[in-house]
Amino acid sequence: MGYLIARRILAGIPTLLGVTLVVFLILRLVPGDPVAGLLSGGPATPELVAGLRAQFGLDQPLPVQYLSFLGDALQGDLGTSYATGQSVTSMISGQLLPTVQLAFAAALLSTVAGIGLGVLAAAVRNSFTDGLIRVFSVLGTAMPTFWIGLMLILVVSFQFRMLPATGSDGFQRLILPAVALAVPAIGVMTRLVRANVLEVLGENFVTALHAKGLSYRTILLRHVLRNAVLPAVTVAGLQIGGLLAGAVVVETVFARQGLGNLILQAITRNDYPVLQGVVIVIGALVVLVNIVVDLVYGAVDPRIRSSLAGR
Amino acid sequence: MPIRRRLGIIAFPAAAALAVLSGCSAQSSGSAAEATPAPGGSLTYAVSTAFGSFDPNVTASVVDARVLRQVYDSLVDLDAEGTVQPWLASAWEVSDDGLTYTFTLREDVTFQDGTAFDAEAVCYNFDRITDPATKSLYAVSLIGPYDSCSAKDPATAVVTLKNAYTPFLTNLSTPFLGMVSPTAAEASGLADFGSNPVGSGPFRFASYRPNSDVVLERNPGYNWAPESAEHQGEAYLEQLTFQIIADATVRLGSLRNGDVQAADDVPAQQVSTVKQDSSLSYLEQTQSGATYQLFFNTERPGLDDPAVRSALVKAMDLDSAVKATYFGAYQRAAAPLAPGTIGYDESVSSGLSYNAQAAADELTAAGWIPGADGVREKDGQRLELTYMGPSPNYDNRQELAEFLVQNLKDVGVGVDLELLPSAQAFAMMEANTFDIATTSFVAVDPDILSTLYSSGSIFNFSRTKAFDEDLNQAQTLPAGAEREALYAQIQAEAISGAYSVPVYQLVYRVATSTAVRDIGFDPAAYPKFHDTYLAQ
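Respectively, the protein sequence lines represent chains A and B. Counting from 1, position 294 in the first sequence corresponds to residue 294 in my numbering; the numbering is continuous, with no gaps. Counting from 1, position 217 in the second sequence corresponds to residue 217 in my numbering; the numbering is continuous, with no gaps.
Fair warning: there could be bad hints in the mix.
Pulled from the structure, derived: some chain B residues nowhere near chain A, Cβ distances all over 12 Å [said to hold, decoys possible]:
1. Ala-50
2. Ala-151
3. Phe-403
4. Val-405
5. Gln-473
Some chain A residues close to chain B (C-beta under 7 Å, calculated; not the full set) [to be verified]:
6. Asp-33
7. Thr-45
8. Gln-55
9. Ala-83
10. Gly-85
11. Thr-89
12. Gly-94
13. Ile-153
14. Gln-159
15. Ser-168
16. Phe-171
17. Gln-172
18. Gly-237
19. Val-253
20. Gln-265
Sample of chain A residues with no beta-carbon within 12 Å of chain B, all distances over it, derived [to be verified]:
21. Gly-202
22. Glu-203
23. Ile-267
If you're looking for bench data, these hints aren't it; they were derived computationally from the structure. All figures in this text were calculated on a predicted structure; none of them were measured in a lab. For every residue, glycine included, the Cβ atom is placed at its ideal position computed from N, Cα and C.
Work out the full structure: start from the sequences and follow the hints.
Shown next as structure tokens:
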């Protein structure tokens with residue numbers, strides 16, 4: 001197992017390098033210059049712009065800029081914000097936890113609710129309940145998270161005053177944002193699990209189990225679920241990336257601390273170092289989560305464990 | 001003079017109805033019964049945009065300045081009439097050549113960390129701003145040709161400029177030139193001072209959670225408010241929290257819900273609802289500086305002819321555009337400078353009016369004849385313009401642009417509307433491939449016109465060189481009628497020459513619960529909470 005983990009981590013390194021390169025190039029190859037966006041200063045002369053550009057190292061050739069950025073990044077230094085002069089590493093570390101909490105709460109919620117609803121819908125397929133769940137899952141994937149968030153705030157917080165609308169502290173303030181973020185993911189997960197369960201239910205071994213006299217309930221929960229849930233684990237892992245991205249929107253609506261607000265500010269202020277830093281950190285998180293998913297996959301399915309380890 | 005396009009605020013005030021209290025006091029609606037100021041209580045003020053840095057010497061953000069104003073005092077105060085008044089400096093003398101400023105300082109002022117405020121501290125501030133390591137984005141431009149500063153004695157600081165620069169004194173009143181504690185700035189270092197600010201203002205910094213809130217608390221012993229304040233001594237509020245709530249619906253909902261007691265950046269379409277809500281008070285303050293304007297690039301074919309530019313101005317129904325876009329919440333701008341700015345003169349745009357027929361006739365007279373597809377042509381050149389609009393859609397300026405583009409198309413002008421983020425807009429500015437561009441600035445000195453019309457400025461979108469001499473002269477003229485007259489003349493010529501056309505005035509709009517009283521505003525519409533109290 002240790003060998004497996006080490007191999008997966010090593011394989012993640014080129015992915016992360018790719019992320020840094022792509023982010024770095026995209027920011028710089030798009031026409032335009034960050035300095036003008038920063039300037040609100042007095043008679044803004046071309047000399048002032050050139051001076052700031054030199055201070056930020058933007059007058060260096062691209063490869064030199066990239067290598068010096070990479071060198072610093074390897075030592076945990078993601079540079080200095082153009083707009084505030086603060087260290088990007090410390091700006092990110094202060095905002096990382098709320099976003100990770102939100103994304104993982106939503107991932108957990110979407111996985112549990114998605115599997116539950118999917119299995120239920122498959123178990124009672126073509127019934128009214130199944131129809132209701134299917135409508136919900138389609139609607140869920142179709143509704144934008146900011147709208148769900150706004151509706152939750154208007155109804156739950158402002159109308160019924162059950163939960164606080166804004167802020168980042170404590171479990172209470174995590175509930176609504178996590179629900180808003182999870183709804184589309186629940187929709188996807190529900191549809192996937194439902195389809196998988198139905199597929200597995202049609203397999204020969206299920207007929208055999210029926211013939212053995214096992215109850216429908218036992219067959220469903222013991223044998224079918226285990227097979228049907230495997231692809232769901234992969235999707236849950238893939239969704240983490242999407243949830244981290246979705247957190248950007250949800251954090252803004254709920255006025256939560258987090259990388260989302262940081263990245264929004266960085267975009268409006270042309271703060272390249274912050275933007276790079278956040279994207280790289282999110283990239284690292286996604287790589288990490290996928291390693292974990294691979295391992296979980298192995299734990300759930302012995303066949304995969306042996307094939308992964310044996311390669 | 002931060003660019004309004006990027007940092008959230010909005011446009012103009014009062015319908016012709018109620019008396020507009022200009023300058024420092026904002027217009028207020030809602031039923032606010034008389035109450036006596038009493039110390040105590042805490043106020044949560046919801047703002048629309050996250051903060052960057054609370055280091056006044058570094059940041060360029062209007063949003064940050066709303067917090068800076070509470071934490072830092074300035075050497076001088078700018079009153080509603082645009083006159084510079086004493087604050088931390090009790091008096092000053094300017095040498096006849098305009099190069100030397102001798103400030104006499106108050107001797108009873110201490111910074112919030114106990115450091116004494118004296119001439120050494122003043123000089124430390126100027127030297128910190130001009131140190132390239134500070135990477136100042138804005139403050140450095142406000143002190144212009146600063147050369148050196150020396151402390152003659154603890155109460156006398158002498159500042160020398162490289163050349164005469166009248167805006168220097170006015171600019172000293174802004175929060176961006178608020179005095180930082182030298183001890184604290186040195187101890188924190190550049191990277192950390194922005195999140196641990198220490199000044200001498202009525203509120204001191206307590207805590208800051210980026211993207212969430214900043215908490216300030218009353219500065220005990222504060223007794224050096226400027227004359228413009230309603231009272232001397234400590235602030236009334238015990239605690240003042242700025243909470244960031246980006247979404248306008250949630251921000252106003254949190255106010256109605258009682259979670260916060262005030263919310264800024266009331267959306268234009270909500271203004272009338274808020275005004276009618278008896279549980280809320282509505283405050284608005286015009287921001288001094290340059291109004292939102294549209295510039296014609298005089299270096300582009302077609303637009304190099306003043307007759308064409310002038311016809312385009314007539315072709316645009318600006319009154320209706322502003323009314324339709326902002327639901328009557330903002331007013332049409334009358335001049336390049338905003339009301340409340342030194343040198344403001346609303347008469348400079350007299351004679352400007354919408355007349356599509358006249359516009360069409362003038363274009364025809366200038367030799368631009370409609371072609372087969374309706375777009376005008378002259379000598380084989382089509383009259384097709386690139387209109388550079390903002391992205392994201394700050395202040396509904398994209399809708400405004402759509403409206404004006406339609407006006408121009410109606411008189412046979414082809415328009416390509418390019419909505420560009422600032423970095424891309426800058427690329428287009430450098431390539432000089434745009435025909436129409438727009439901007440606005442918050443500022444206190446009329447020298448903001450140099451940013452708009454001097455050939456050395458990157459924001460001189462009309463690319464004119466016609467005003468360089470006048471603008472340079474106005475920078476050195478002493479404050480007073482002669483200087484203001486020169487600025488009025490520059491503005492009148494900018495409009496009659498159709499280099500730019502004023503569109504609407506920026507207004508900072510705040511809704512509060514009715515218990516909140518006496519939020520003050522300086523001319524740039526930065527709120528002042530020293531006099532603010534909660535009615536029982």
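Each hint, compared with the structure:
Against chain A, the non-interface label of B:Ala-50 is violated: not every CB pair exceeds 12 Å, the least being about 5 Å. The Cβ of B:Ala-151 sits about 26 Å from the closest Cβ of chain A, beyond the 12 Å cut-off, so the non-interface label holds. Every Cβ of chain A is farther than 12 Å from the Cβ of B:Phe-403; the closest lies at roughly 24 Å, confirming the non-interface assignment. The beta carbon of B:Val-405 sits about 23 Å from the closest Cβ of chain A, which is more than 12 Å, so the claim that it is off the interface holds.
The claim that B:Gln-473 lies off the interface holds: its Cβ sits roughly 15 Å from the closest Cβ of chain A, which is beyond the 12 Å cut-off. Hint status for A:Asp-33 relative to chain B: holds, with the closest Cβ pair at about 5 Å, below 7 Å. Annotation: A:Thr-45 was flagged as interfacial toward chain B, and the flag holds, the nearest CB pair being 5 Å apart, inside 7 Å. A distance limit of 7 Å between C-beta atoms decides the matter here; for A:Gln-55 the minimum to chain B is near 5 Å, and the interface restraint holds.
Given hint, A:Ala-83 at the interface with chain B, holds; its Cβ is 5 Å from that chain's nearest Cβ, closer than 7 Å. Taking 7 Å as the C-beta cut-off, the interface hint given for A:Gly-85 holds, the closest approach to chain B being about 5 Å. With a least beta-carbon distance of about 10 Å to chain B, the hint placing A:Thr-89 at the interface is violated under the 7 Å criterion. Interface hint status for A:Gly-94: upheld, as the beta-carbon distance to the closest one in chain B is roughly 6 Å, under 7 Å.
This hint holds: A:Ile-153 has a C-beta 6 Å from the nearest C-beta of chain B, less than the 7 Å allowed. With a least beta-carbon distance of about 10 Å to chain B, the hint placing A:Gln-159 at the interface is violated under the 7 Å criterion. Given hint, A:Ser-168 at the interface with chain B, holds; its Cβ is 6 Å from that chain's nearest Cβ, closer than 7 Å. Hint status for A:Phe-171: violated, given a least beta-carbon distance of 17 Å to chain B, over 7 Å.
Violation of the interface hint for A:Gln-172 is found here, the shortest Cβ-Cβ separation to chain B being roughly 13 Å, above the 7 Å cut-off. Taken as an interface hint, A:Gly-237 does not check out: its beta carbon lies about 27 Å from the nearest beta carbon of chain B, beyond 7 Å. Given hint, A:Val-253 at the interface with chain B, holds; its Cβ is 5 Å from that chain's nearest Cβ, closer than 7 Å. For A:Gln-265, the interface hint holds, since its Cβ comes within 7 Å of a Cβ in chain B; the closest pair sits about 5 Å apart.
Separation of A:Gly-202 from chain B is adequate, the least Cβ-Cβ distance of about 47 Å exceeding the 12 Å criterion. Every Cβ of chain B is farther than 12 Å from the Cβ of A:Glu-203; the closest lies at roughly 49 Å, confirming the non-interface assignment. Non-interface status of A:Ile-267 relative to chain B is broken: a Cβ of that chain comes within 12 Å, the nearest being about 8 Å off.
Going through the hint list in order, the structure does not satisfy hints 1, 11, 14, 16, 17, 18 and 23.
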